Amino acid sequence: MLDVNTQLPETHLKPCWSCKGPSPATALFCHTCKAVQAPAPVDHFARLGMEPSFDVDVAALDRLYFDLQRQLHPDRFATKAPKEKALSQRQATALNDAYEVLKNPLMRADYLVHLLGIDVLPEGCNLVHDQSILMEAMEMREKLMMADTQDALNAIQRETKTEIDDVLSALSLAFAGGDIQGACRLTTRLKYLDKMMGEVRHSRARLMA
Amino acid sequence: MAQLLQIHEPGESPIPHQDDAEMAVGIDLGTTNSVVAVSSEGQVEVLKDDDGQALVPSIVAYAPDGSAIVGELAKRLLLSRPDSVVSSIKRLMGRGAEDVKSLGGQMPFDIEPHHEGESQLVRLNIGGHALTPIEISADILRALKDRAEAHLGAKVEKAVITVPAYFDDAQRTATKDAARLAGLNVLRLVNEPTAAALAYGLDKSAEGLYAVFDLGGGTFDVSLLRMEKGVFQVLATGGDAALGGDDFDHAIANHFLEQRKAGLGETNLSAGEVKVALMTARMAKECLTTEDRGEWMLTAEDKQTKHALDRATFNDLIRADVKRTVKICHEVLTEAGFDPIDIKGVVLVGGSTRVPLVREAVSQYFGSEPLADIDPDQVVAVGAALQAEALTVGSDTLLLDVTPLSLGLETMGGLVEKVIPRNTPIPVAKAQEFTTFKDGQTAMAIHVVQGEREMVDQNRSLARFNLTGIPPMAAGAAHIRVTFQVDADGLLTVSAGEDTSGIEAKVEVKPSYGLSEEEMSTMLYDSMANAKGDMELRLLTEARVEAERAMLAVRAALQADCKLLSVREREAIGEQMDKLIDAIKGTDRDAINAAAEDLDKATRVFAEKRMDKGIRDALTGVAIDKLQSSVGDGENA
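So the protein lines, in turn, are chains W and X. Counting in the working numbering, the first sequence runs from 1 upward without gaps. Counting in the working numbering, the second sequence runs from 1001 upward without gaps.
Note that these hints are calculated values from the structure, not bench results. If a hint is listed, it holds; no wrong ones were tucked in.
Computed cross-link-like contacts, PhoX-like style, restricted to lysine-lysine with a CA-CA straight-line distance of at most 20 Å: (1) X:Lys1430 to W:Lys103; (2) X:Lys1609 to X:Lys1563; (3) W:Lys161 to W:Lys143; (4) W:Lys14 to W:Lys83; (5) X:Lys1613 to W:Lys34; (6) X:Lys1601 to X:Lys1579; (7) X:Lys1048 to X:Lys1075; (8) W:Lys14 to X:Lys1613; (9) W:Lys143 to W:Lys191; (10) X:Lys1613 to X:Lys1563; (11) X:Lys1418 to W:Lys195; (12) W:Lys191 to X:Lys1418; (13) X:Lys1229 to X:Lys1344; (14) W:Lys80 to W:Lys34; (15) W:Lys103 to W:Lys195; (16) X:Lys1048 to X:Lys1155; (17) W:Lys14 to X:Lys1609; (18) W:Lys161 to W:Lys195.
Residues on chain X that point at chain W, a partial pick, calculated with CB under 10 Å: (19) Arg1226; (20) Lys1229; (21) Gly1230; (22) Val1231; (23) Thr1334; (24) Asp1487; (25) Ala1488; (26) Leu1552; (27) Asp1600; (28) Met1611; (29) Asp1612.
Note that the coordinates shown come from a computational prediction; the quantities given were computed from them, not determined experimentally. Where is the CB? At the ideal position from N, CA and C, for every residue including glycine.
Construct the complete structure from the given sequences, taking the supplied hints into account.
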């Protein structure tokens, strides 16, 4: 397990807005009066009840997300008091925010780098100061500009996809080994590759039109 | 940060009712036809008229006194009194005059000139009455409400109303405003393809990855959903809010009018005659769904012409539109990272999916025979009714939808800065920071837009407002945070504030294509003499619900911790609770609020005692936890 200090201890208490009694700061519902609470200031992993890690089992993530939305989604509060409706919306919003980040490997890597690396990383870690990444990106872009058939685009897409898979495996190792600097560098590379995939899609649409 | 701008009012939230026996209905407010349905214990009934017709034509005729006739009768009047009849009004919801499609240079609507100070929302002249699409839609909703009330023998005030997934914010707001005018509280706006998926998922237990292809009279939607064990998760959605069967009618009518011009020379048709031409074209379209060819007569300017059309020519006329729907399907799938082969089934929704060329194109693209075993005209209302029951009675089904279009702000040079990209799960909130570009700048114009294009003027303008009262600072020093929030109905709220000063700045809102709150109140007043009473009733109901919530909370607290109180303290709280119970029985809203406030005061000391006890208990807990964890660590080492 990675060491993250933004998770609130379960023993931290705050007064429930509804019955004013003590309620654990991370509780979704007041233990006494069952009223829905405001979302706790926890990280995305804690929000979904997961340990912080780059390796996320997507099926498990979906299950946790659905279970929580089943309890918190505004549809469950359609006949409730306005204050409870508003809180349910905030809870569901926080949940969607966390789900979107954790579901997507690039966003997850970026988030985890920032979560873990606040004290470790130098300022501007996400700026490219790595010549090889920059060169690779430029080469790819040149290739893309030359591609004028669907086949050529398919080839670039396959190549990019392979690279992405490689980077994801490397990221998993880097995070597991606590190599935050390495993970940061790989995340930057992943950003470029992801952008490339987007541009391939654009070129394909242009070619089809 | 203070909420400075609300494009939508929080007060629009439905009135919570104590009376749970009251039924909530599901309404499909369609371009061509509307349907109302009701669900009880999962059994859906689509409500029919005396002739057994479920579909209510979305056509309204206005009598000289302004009273409205809706449905089949209005449809019959369309041919004899076209000037006082209006159809396909959904196409103009949240739209401006420039959005109205002409036919052969002629408008099928008489458009009122725009007056200074009004919003850009189009106003029509129908039989001498100036009406907005919102008021006309309200008349259709009223007719559906009447049908439901007659059928159920009870008042109907709550509804789930469906909208095309691709409807933008202005169109959704217009729909909600129309419901408000009709005296309906919208429990939820549900996207039409999502409602259809709900009906299929629950009735036919469909599971896996499905596409819903919804081609209605005026709108096209395609949604990609994952369905499993009561979860309906929309992964991506796309469409065109101005593409539908109406366009097929336009294509045929244009074809007929071209033929007419070739025979009779230049013609100059009235809006009424254009409507008749469109009506004829529609009959031709419906006929060619089953027949190979046919002949139709067109009468205008006292001259009759005969027009023949066969299926092949009809297909040629609509081919470009049909191709466009397939292209949109492809874009939605690609963006979500899927191929047609990944899709387990395609559900057909909307009357226009009966057109043979449309079915052909869909099965060809997806490589499978599409599903249409629930009537494509009724499946959306069925889903809406199921969701209405789920919201009022409760259920385990979960509808997770997304934003159909990106939401953004205008930045320097007329460019759009996206704040919330399309296909983001809702509800969602995102903030963007901006700064001033001039020294001492105290105001900033904020322009909210919706759409995918890079330039502002290629997207839909939702609202403009000015953020004023920014303290004078050097250029770039102010931190202006603009927050976009989209609720579960897909409706946007925008708030803005300056961070460093925390100053509460004023905002002026001008909804570009909506009704101002003032216009809305006037309409409410005009349409219901008791509009003010309604507002009062809404506030009273809200006060009661809130008071009951507070009382339940105190009861729960007493049950948990009453031993913290002396007998006298307990009695004092009990006294205030009795007073509140009496106040709730009455109809004085201020008395209820005052009694609730008194109860809050009376329980303050109790709340403090409970917090103290909680913290004491927690500290004891921590001590034990620490002890346990150190023991645990020892074992692991």
